[in-house]
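*Asks:* With these hints in hand, go ahead and build the complete structure from the sequences.
Residues per chain, in single letters:
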Amino acid sequence: MQPGAFVLPLLIALPLLGAILVMCTPKTESSLHRGVGMTFTVITFIVSLLVFRYFNAKAEGFQLVFDVEWIPGLGARFKTGIDGISIFLVILTTFLMPITLLGTSKSIEKHTREFMAAMLVLEAGMLGAFVSLDIFLFYTFWEVMLIPMYLLIGIWGGQRRLYASIKFVIYTMLGSLLMLVAIFYVYIQHANVTGVYTTDLEQLLTVALPHNAQFWCFGAFALAFSIKIPLFPLHTWLPDAHVEAPTAGSVILAGVMLKFGIFGFLRFAMPLFPNGAAVWAPVIAILAVIGIIYGALVAFAQDDVKKIVAYSSVSHMGFCALGLFALTPYGISGSIFAMLSHGLTTGGLFLGIGVLYERRHTRRLAEYGGVWKVMPVFSALYLIIVMGSAGLPALSGFIGEFLTIFGTFNAGDTFPASHPNYLPSPRLLGALAATGVIFGAVYLLYMFQKVFFGKLDKARNGGLKDLSGRELATFLPLVALIFALGLFPRPVLQVMEPSVQKFIKDYHRRVAEPDGPSHVYGTLPQADKTADAMQNKLDAAAKGAQAVQNTLGTPPAGGAQ
Amino acid sequence: MDYSSMKFGGLPLLAWIPLLPLLGALINLTLGRRFSKATIHTIAIATVGLAFVLSFWLVFGVPGLGGGELWKLYKAGGGGTGIAQTVYTWIEVGNLKVELAFRLDTLSAVMILIVTGVGTLIHIYSTGYMAHDPRYAAFFGYLNLFTGAMLILVLGANLLVMFIGWEGVGLCSFLLIGFWYENEDYATAGRKAFIVNRIGDFFFLLGIFLLFWATKTLDFAQLKSTAVGAAYVQPFWGGERLAAAAAICLFIGACGKSAQLPLFVWLPDAMAGPTPVSALIHAATMVTAGVYMVCRLSFLYSASTTAMIVVATVGLLTALAAAFMAFAQTDLKKVLAYSTVSQLGFMFVAAGTGNWTAAVFHLMTHAFFKACLFLGAGSVMHGMEHGGSTTPGDITTMGGLRKHMPITRITFMISCLAIAGIFPFSGFFSKDEILAGAWGVHPPGWPAMYGKVLWIGLLIAALGTAFYMWRLYFLVFSGDERSEAAKHAHESPPSMTMPLVVLAILASLAGLIGFPHLTGTHLPSFTHAFASWLAPSVTPTYWNPGPDGVNASELIAGHSSDATILGLAAIALAIGAIGIALAWTFYGRGPSPSVNRLVEGPLAGPYEASKHKLWFDEIYDATIVRPFKVVANGLYTVVDKFIIDTIAVNGSALVISLFSRISRWFQNGQVQRYLAGLVVGAALVFFVTDWHSKAAFSYEIVGDRLHLTAEPGAGILGAGTKLAWDIDGDGSPDADPATGAAYDKPDLWVLLGDTRTRVNLFVTDPITRKTTKITRVLRFPAANVPAATSEEK
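Protein chains in written order, with my numbering: chain A, 2 to 562; chain B, 18 to 810.
Note that these hints are calculated values from the structure, not bench results. We treat Cβ as the ideally placed atom computed from N, Cα and C, and that holds for glycine. Worth double-checking, as some hints may not be accurate.
[Said to hold, decoys possible] With beta-carbon atoms standing in for the labels, derived distance ranges: (1) A/ILE291 / B/LYS646: 14 to 24 Å; (2) B/VAL697 / A/GLY74: 39 to 49 Å; (3) A/LEU51 / B/LEU28: 31 to 41 Å.
[Said to hold, decoys possible] Below are the BS3-like pairs computed for lysine-lysine, each with C-alpha atoms no more than 27 Å apart in a straight line: (4) A/LYS374 / A/LYS459; (5) B/LYS646 / A/LYS456; (6) B/LYS54 / A/LYS374; (7) B/LYS92 / B/LYS24; (8) B/LYS114 / B/LYS24; (9) B/LYS233 / A/LYS59; (10) A/LYS107 / A/LYS374; (11) B/LYS114 / A/LYS506; (12) B/LYS420 / B/LYS351; (13) B/LYS504 / B/LYS420; (14) B/LYS54 / A/LYS456; (15) A/LYS503 / B/LYS114; (16) B/LYS233 / A/LYS506; (17) A/LYS59 / A/LYS506; (18) B/LYS233 / A/LYS503; (19) A/LYS466 / B/LYS54; (20) B/LYS646 / A/LYS459; (21) A/LYS466 / A/LYS374; (22) B/LYS787 / B/LYS762; (23) A/LYS456 / B/LYS351; (24) A/LYS59 / B/LYS114; (25) B/LYS351 / B/LYS628.
*Replies:* Written as structure tokens, this is what we have:
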């Protein structure tokens with residue numbers, strides 16, 4: 002056990018404990034339910050900050066690893082740990098949870114006890130999935146998250162909540178079942194090669210699979226994760242789920258759950274099936290770019306505020322997917338950063354819609370207008386969040402957007418190995434993605450103008466009250482973090498850097514493994530011949546790079562400033 | 018030289034210049050609603066004023082307080098390096114390291130003095146102009162925020178820090194144009210400004226990406242260094258040069274910010290904002306950011322004559338088009354807006370001809386006289402409003418205001434003289450510098466005499482400028498009052514007239530530091546002060562890739578003789594005078610009847626074109642805005658709702674629910690139905706498996722043997738069939754001659770010698786007892802053809 006190993010299991014246990022406790026309280030004591038929920042999410046947040054005490058930001062690899070036997074017959078272990086990739090996602094989850102409860106719990110009037118329990122179980126599931134280092138454990142938590150979210154939409158949702166919740170569940174299940182098949186395949190192959198039955202991720206990663214199998218397995222994983230992200234054209238469950246979900250559900254769905262798509266690629270799909278990833282990368286990158294533009298265009302066509310933000314998620318998560326598959330340090334760091342920023346800004350956008358909805362019980366754009374006049378504080382804070390989402394420099398959204406596009410633009414070194422010539426160049430993809438800068442401003446400002454600007458001519462808007470102290474307390478931390486991440490992204494990026502570099506290094510090492518039957522990496526008998534060919538290729542590439550260097554001249558030492 | 022110790026309160030001094038107004042903004046935007054108006058504007062003016070004092074102290078020094086670090090550097094020949102200070106490292110990933118760093122060189126010094134100086138005056142003016150606005154704190158907060166962002170833009174030491182300011186001023190522009198947001202048109206104008214700017218910013222970002230991709234740096238000093246500079250002239254995509262691609266991308270960004278063709282459309286609408294905003298943001302500072310950026314990257318632009326000709330041509334076309342559009346406007350601020358667009362075009366022509374100092378010189382003089390004009394316009398509108406006008410900007414209702422607003426009138430006139438280019442007002446010198454530079458320019462790769470084309474074009478634009486500006490002046494101040502409101506207008510309070518006077522003085526005198534270089538006459542050195550001051554910060558040369566790849570450099574702007582310079586100046590002066598004279602003829606005593614005759618007669622077409630700004634908005638609406646909406650709606654209803662959701666998602670759900678319905682119908686609990694299902698199912702199995710499975714056989718010749726394989730039908734029925742082979746084709750089943758066993762196996766080996774060319778297989782169905790005969794004629798290799806089969810008996 003590593004120092005601080007207890008923190009992560011504790012993080013999973015605390016919300017579960019809270020859920021059990023809250024279910025033991027009397028049914029009618031809704032303020033008690035809220036109190037228990039708040040207490041446990043706040044404690045979880047505080048405990049999650051302990052992670053920083055034990056986490057060594059300079060080291061690569063997993064830390065705070067907790068590892069005990071779980072299901073011996075299957076070889077499944079209860080193994081948790083974090084690295085620079087997951088650490089901030091964990092903090093994002095524990096941070097958003099109390100904020101969400103604070104901002105929205107008043108609007109839940111029926112079954113508050115079950116609501117709190119669902120939220121707490123959801124938190125446990127999400128935290129568990131972020132820290133799992135055992136693929137079976139991950140799959141378990143992945144499914145655990147699904148149930149409370151299904152209930153949140155199905156019980157506390159809007160008019161078409163049944164349709165939306167069933168669509169959400171079936172979509173997610175469809176993807177995850179194929180993923181389960183692929184998990185079994187990997188599990189069996191690993192046992193065939195090594196003789197050990199285990200679902201420990203780090204053990205599974207030692208075995209190289211045939212390229213053909215990698216292609217199909219990656220496809221199965223990619224389907225599950227692409228639905229979660231969601232990538233075009235697998236996104237239509239998202240607007241429905243968002244529109245019907247209660248505010249708390251929307252915040253958590255957009256703020257945290259969508260991140261599992263990207264996270265799943267990073268943690269599982271790409272390390273396990275590097276050659277599959279190499280083949281699929283251009284496809285996903287193109288779908289991501291389509292999603293960026295498509296999501297922004299369709300967002301503009303909505304008249305429901307929540308749908309606008311829902312489609313904006315499609316657009317923003319496209320940036321994350323694109324940056325990830327650029328496979329450059331800028332792109333991947335940017336992708337993770339964009340997820341954090343998206344969690345804050347989109348969470349804030351949904352919370353703000355919740356504030357309006359509580360007062361007016363409508364989400365139609367046409368029902369609003371001139372709200373700034375009666376709610377100046379709220380409007381100003383909302384403007385900051387909107388600008389953060391639109392990628393204004395010095396706010397958090399810009400850093401993620403810039404780095405992902407930047408990473409794609411500079412993907413020249415990593416793309417071509419897997420990159421058929423008929424597909425667009427990374428530069429073109431980057432440039433196309435950058436149009437999101439324009440379109441993002443188009444729909445976000447359109448929405449902002451329709452709600453906050455213009456005449457206050459709807460009588461029912463006249464009496465809107467500005468933010469209460471409680472609501473202010475939910476928005477101020479969000480806005481402060483949006484500023485903090487935009488102005489001081491470096492500390493966050495520095496913590497990610499070793500893990501991101503390791504990810505890229507491992508990816509390149511694994512992807513260079515020649516094709517063959519399943520085997521432990523580096524032990525393929527006929528590897529010599531292929532290795533020679535690879536060496537020749539590398540030599541040729543180095544020669545080309547030298548030629549470019551010669552013509553361009555040597556860049557100044559010290560890198561960019 | 019190391020300036021890292023130059024700090025105050027733990028932060029580098031340079032950081033305080035933008036930080037002071039930003040702090041003011043923070044205070045006023047968060048707490049301002051509880052403050053009195055006096056407190057609000059004291060905070061706002063004090064922070065900008067302090068920023069001005071600090072800038073001045075850093076650049077020139079203040080008597081008794083020391084300072085003047087940049088001046089000392091400039092004297093020592095380091096004006097181009099300037100003072101560089103890093104606040105902290107902003108972004109760091111892999112090789113990308115972006116520091117929040119500022120650099121004060123002679124170019125950014127000019128800019129910060131303009132921004133803080135003119136900014137302070139406009140803040141003071143606003144105390145009078147906005148005195149009765151309920152959102153006083155928000156207004157001053159935004160103004161301060163803008164000033165801070167603009168200072169970050171000009172002080173940024175790398176492209177990304179510049180981009181922070183670049184977007185920041187865009188945000189403030191959006192907020193201030195839509196300041197009176199209750200008017201939907203104003204709010205839309207603000208949004209339009211932001212989005213058009215974002216289109217430019219998209220290209221700006223592309224330029225940044227291209228530059229980093231090729232050079233691995235974004236820092237201006239490193240981009241400027243010779244080592245990196247060599248990359249600009251190397252072949253690039255399709256033989257183009259990097260410099261051309263990156264410079265043109267960045268220039269499109271400048272077109273957005275500086276309202277050049279084809280992205281100028283937001284600026285006229287931006288006049289919806291309060292007039293001090295128009296003066297500060299949409300005349301004096303923000304819109305010149307594009308010019309500043311091109312000059313800041315002069316080393317990049319001068320590396321590509323292609324980029325230069327694009328810049329110059331766009332500038333010229335904009336100067337001409339905007340001047341044309343200004344003719345028919347009847348709104349006071351709209352005329353000034355088009356005039357700003359036109360003057361920015363002049364600056365870009367200067368930049369495009371490598372005449373960097375002239376571009377910045379005109380930027381400065383323009384900041385003075387245009388800010389003065391806008392503030393004067395605000396003063397006029399203020400007066401008209403007090404006179405009872407509901408459309409205070411409509412110049413058709415003015416006239417005769419010289420009697421009521423003497424200070425405004427004098428300052429307005431001085432500025433009009435300056436913009437028309439009349440000696441010795443500042444505009445004369447800066448405009449002449451641009452014209453003379455265009456005349457003498459001769460870069461390789463440009464069409465012959467293109468400099469002269471630019472010169473003639475600019476002369477026409479200058480003629481137009483003098484005409485429409487003086488039209489405006491005469492319509493506002495001369496003749497008789499054309500409305501009651503004009504009769505009751507009165508002069509504005511001192512808080513508004515004081516900045517007017519200061520700006521008018523600057524507009525009159527600022528030109529004297531930029532005399533043309535006359536080699537024959539010895540003018541005192543202060544008359545060239547401006548050009549000498551800027552020279553270290555801009556690149557007067559362009560990269561010329563020599564035949565052996567060695568970079569040679571060459572002057573773009575040629576040196577003309579004294580006679581040429583004086584002759585050109587005389588022509589420019591004459592043009593300005595002609596413009597004023599024309600305006601006097603038509604409008605000297607109010608609109609003359611001859612104007613109406615012309616406008617309704619021979620000039621009706623051009624008049625309409627000018628009034629509707631060449632229908633740019635309508636064209637964009639038809640080609641971009643509407644199609645965008647149609648595509649967005651179409652994608653949503655067709656792709657999202659119909660193809661994906663209805664067909665793919667709900668369609669597959671429907672198919673599955675159909676299956677479930679069918680299976681539900683079967684499982685109703687009645688044994689009879691289950692049995693019926695069983696029978697039908699079994700029958701189906703038989704039917705399907707025997708479908709199309711006629712009996713057949715295949716053969717294979719292996720050495721001296723024939724291998725026969727019977728396929729008595731693949732279905733279940735095939736299992737019980739009886740087979741009989743007739744290997745000599747005589748029509749009766751045969752047996753093994755050696756053992757006497759009948760040939761009845763499905764898999765049979767026989768000697769070739771026993772066979773003939775025809776083989777029959779008899780298949781007897783076990784249920785129907787019907788026998789089928791299958792016949793095949795064998796094909797043998799030519800070597801061992803057996804005897805032909807005898808006729809069947």
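*Asks:* Check each numbered hint from earlier against the structure, then list the numbers of those it violates in ascending order.
*Replies:* Structure breaks no hint.
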